[in-house]
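Modelling step: build the complete structure from the supplied sequences, incorporating the hints.
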Amino acid sequence: MINVLILILLIIIVIGIAIIEGRLKKKLENDERIIEKLDVLINEVRDIRKE
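Numbering (our numbering), first residue to last: 663 to 713.
Simulated from the structure, these hints should not be mistaken for laboratory data.
Don't take each hint at face value.
As a list, the in silico DSSO-like pairs of lysine-lysine whose alpha-carbon atoms are at most 27 angstroms apart [unchecked claim]: (1) K687 to K699; (2) K689 to K699; (3) K688 to K699; (4) K699 to K712.
See below:
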């Protein structure tokens, strides 16, 4: 009986970790997009200052 409960608990933990990992990957992708946009803006500002 205890073995079954431990197995169920482990399955729930693994599923929880997978869900958290998926959310973090989405946040990382969004952060990467924001960084790319900021890089473009920074380069544009540098070009304007050079002129």
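### Query
Among all the numbered hints in the text so far, which are the ones the structure does not match?
none
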